[in-house]
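Protein chains: 2
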Amino acid sequence: MKLKINREQMLKSLTVVLHGIASKTPIPVMSNVKMELNEKGLLLVTTNNELSVRTTIPYMIGSTDIITNYREGAALVEARTLTEIVRRMEAKEINIELVDNVILQIDDGRSNFKLNSVKVEEFPLLDFEPTGVTLSLRVSDFIKMVDQTAFAASQKEQRPVLTAVNLLARDSELTAVATDSARLSRKTVKIDQNLNFSANVPAKFLSEIARMAETEDEIELSVSDKKILFAFDNTVVNSRLISGEYPATQNIVPRSYNYFLEVNADELLRAMDRVSLLSGERENVVKLAMSASEVTISTKSNQKGSAVEQLSTFQFTGEPLQISFNSAFVAAAVKACRSEDVTLSFLGEMKPISVRNMEDETQIQIVTPVRTY
Amino acid sequence: MKLKINREQMLKSLTVVLHGIASKTPIPVMSNVKMELNEKGLLLVTTNNELSVRTTIPYMIGSTDIITNYREGAALVEARTLTEIVRRMEAKEINIELVDNVILQIDDGRSNFKLNSVKVEEFPLLDFEPTGVTLSLRVSDFIKMVDQTAFAASQKEQRPVLTAVNLLARDSELTAVATDSARLSRKTVKIDQNLNFSANVPAKFLSEIARMAETEDEIELSVSDKKILFAFDNTVVNSRLISGEYPATQNIVPRSYNYFLEVNADELLRAMDRVSLLSGERENVVKLAMSASEVTISTKSNQKGSAVEQLSTFQFTGEPLQISFNSAFVAAAVKACRSEDVTLSFLGEMKPISVRNMEDETQIQIVTPVRTY
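If you read the sequences in order, they're chains A and B. Numbering follows the working numbering, in which position 313 of the first sequence is assigned residue number 313; successive positions increment by one, without gaps. Numbering follows the working numbering, in which position 99 of the second sequence is assigned residue number 99; successive positions increment by one, without gaps.
Read the hints as simulated data drawn from the structure, not as lab findings. Honestly, I wouldn't trust all of these hints.
[To be verified] Mimicking BS3-like on lysine-lysine, the simulated pairs with C-alpha atoms at most 25 Å apart in a straight line are: (1) B:Lys2 to A:Lys300; (2) A:Lys92 to A:Lys114; (3) A:Lys287 to A:Lys351; (4) A:Lys119 to B:Lys300; (5) B:Lys114 to B:Lys24; (6) A:Lys304 to B:Lys12; (7) B:Lys114 to A:Lys300; (8) A:Lys119 to B:Lys304; (9) A:Lys144 to A:Lys156; (10) A:Lys304 to A:Lys24; (11) A:Lys304 to B:Lys2; (12) A:Lys4 to B:Lys304; (13) B:Lys304 to A:Lys114; (14) A:Lys335 to A:Lys156; (15) A:Lys190 to A:Lys156; (16) B:Lys287 to A:Lys114; (17) B:Lys92 to B:Lys156.
[As the list claims (entries may be wrong)] Where chain B lies over chain A, by a calculated footprint (3+ residues, C-beta under 8 Å): (18) 86-95; (19) 112-122; (20) 300-309.
Nothing here was measured: the structure is a model prediction, and the numbers come from that model. By construction, the Cβ of each residue, glycine as well, lies at the ideal position given by its N, Cα and C atoms.
Kindly produce the complete structure, drawing on both the sequences and the hints.
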């Protein structure tokens, strides 16, 4: 393998495939990027067994040469080191050459690096072939769907299926749901086809893929029983799915409410941010007390003291109500609404709270209250 | 104690005294700030036993009221919580009141916080009285002196005296020296008086004090046997001194050299930064090979591979020479020179290297080479 390549393109693509490298990997070969120069261009491939990333740097972009002076071949080198070398080099183009099958030389005239290269055969065989159902989404919709749900997935591995975002296609709609059993986030986008599938995608991978695709317009999803493929630009990402039935969540979302509080999102966030400074022993628990004339947020800790905040702008409908919750969960829900005003709706002291942007019916955020003495 | 105070001034002063709070303290009362309102204003005091900070917020700054509506008194409250409350509040002025001697109430009309307050008597008695020798420095000189030496002090506690910067006054000069025994940094500033003292100030405290005084013009040092006081603006800092004789360092700095390399500081830094990516097993060790016609920086690791860099702009005087060193130490020395070009001077392969800005005779950086195979 031998090539002269545009440094910026190489760095951009390395940054993408680094998402496939685990921060700590027990299998040394998985800290490598596989480089393969074939008729399509330079393929960069990484994997951590659960997530695999392949991106292709083409020979030309428009009428600009990206790869010249080449000979096909393949090599395996430590991905982070290669990325840092390419990042810190200064020339516009760099020469890469596999020497004696064991050394990858990277040279720009000023700097010369010789990286130990592992035999390509040691790299696992990966599957980037789309199978099953395929659908296309605007990246902006995809990112919203991920950012408005993935945060609510569980961080704990006890119930693996709750670490996923469930993607459910029915009746020309794609619905994403995530829950850690104390809160739930749901977002729906319209799709052109009438598809029928349910897939549990690890939430942390979904968030990584959203970041990787950020600058693109369209993303294509291919869903089969065991895997989901995401294709955008010159990149394909394969994520394993989490097996098991996703819990039925339809009944968690209340159908009607008895109390409604409309508030300015920013004022609510800042008030909760201050008050929760004192929610010592039970982390982030605050109490919301509402009546038509006054809304306060308060907390009390034996160790630190107490805090009370008054909201200045609000509209409350219903009988006076007091309800306690984890303010970090409500804050995340309010932020996910991405709107100036949010409406919190309640059924009663110990019933799920919904947080909504009333102008956007495609998403809902649910938070379970906590009991206080 | 009761007062109405300008929130910004309060926050600025709390940020200063937070430097006196250790990140983890085994003694609970030392996570508190002592607030004392007396005829001078509001005194804020913190300590971690080794470093103590006192700052005074005056009643007025110029013709602007800072503290009004007051009653003298004192209170002890958790410093970080108080700082975060004051930071996140939104009003221009806040009301503070000690209630029943056990609760400190902080209120701005919108937010009301009641912090548990500890008895003031539990706070240690601290000494902010200047004793011994006193001298005044421009803060810009003081910061240069600290920033160009403190980084070279030892991080390890085995020889406590090496964790200090030695401040030595002789013949109308103040000299700061720091060494971790693999490198040495020295900086001299002229002073108006002919003083005579030697004080070992903990390097980490010195760096903190430099940051605290950053926005001021003058700083006053009072040095006695056991302590050093730094006074600037409305703040006094007391640092303990490290006992023991500071090692004699005069003979470490060579009097003459056999080889001289003049290089562009930035080019040298960038080349070392790249090459050291591959200095695997022995962290940061690189080899500098110099002749009149070529200067290269290289490294080799069995695990990762090898790297060679050519410098494009240099002037070398002397016979060809190869020397190996810790590139992180040389990089820190080059940065401390704060100049476009630096001169590295050598006596031989295993002799101390000096790094200098040839236009600034007040400082010198010495790095000991390392032996390679």
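Open item on the list: Please verify whether Lys190 of chain A and Lys156 of chain A have alpha carbons no more than 25 Å apart.
Closed with: Measuring from Cα to Cα gives roughly 31 Å; hence the hint is violated.
Task: Pair hint outcome, Lys287 of chain B versus Lys114 of chain A [Cα-Cα no greater than 25 Å] - done: It holds: about 16 Å lies between the C-alpha atoms, which stays within 25 Å.
Task: chain B covers the segment 112-122 of chain A, three or more CB atoms within 8 Å, holds or violated - done: With 5 residues in contact (Cβ-Cβ under 8 Å with chain B), the coverage given for the segment 112-122 of chain A holds.
TODO: Compare the distance between the alpha carbons of Lys335 of chain A and Lys156 of chain A with 25 Å, and conclude whether the hinted pair is satisfied.
DONE: holds, 23 Å
Task: Pair hint Lys2 of chain B and Lys300 of chain A, alpha-carbon separation not exceeding 25 Å - done: Within the cut-off at roughly 23 Å; holds.
Open item on the list: When I compare C-beta atoms, does the segment 300-309 of chain A have three or more residues closer than 8 Å to chain B?
Closed with: It holds: at least three residues are needed, and the segment 300-309 of chain A offers 7 whose Cβ sits within less than 8 Å of chain B.
- [ ] With a cut-off of 25 Å on the C-alpha distance, tell me whether Lys114 of chain B and Lys300 of chain A pass.
- [x] Holds: Lys114 of chain B and Lys300 of chain A sit about 9 Å apart, inside 25 Å.
Task: Assertion that chain B covers the segment 86-95 of chain A - criterion: three or more residues, beta-carbon distance below 8 Å - done: Contact hint for the segment 86-95 of chain A vs chain B: holds, 3 residues under 8 Å.
- [ ] Assess, step by step, whether the Cα of Lys119 of chain A is no farther than 25 Å from the Cα of Lys304 of chain B, and give holds or violated.
- [x] holds, 15 Å
Task: Pair hint Lys92 of chain A and Lys114 of chain A, alpha-carbon separation not exceeding 25 Å - done: holds, 19 Å
Open item on the list: Check the hint pairing Lys92 of chain B with Lys156 of chain B against an upper bound of 25 Å on the C-alpha distance.
Closed with: violated, 45 Å
Task: Given pair status - Lys300 of chain B, Lys119 of chain A, alpha carbons within 25 Å - done: Holds - the C-alpha atoms of Lys300 of chain B and Lys119 of chain A are around 21 Å apart, at most 25 Å.
In summary, the numbered hints that this structure violates are 10, 15, 17.
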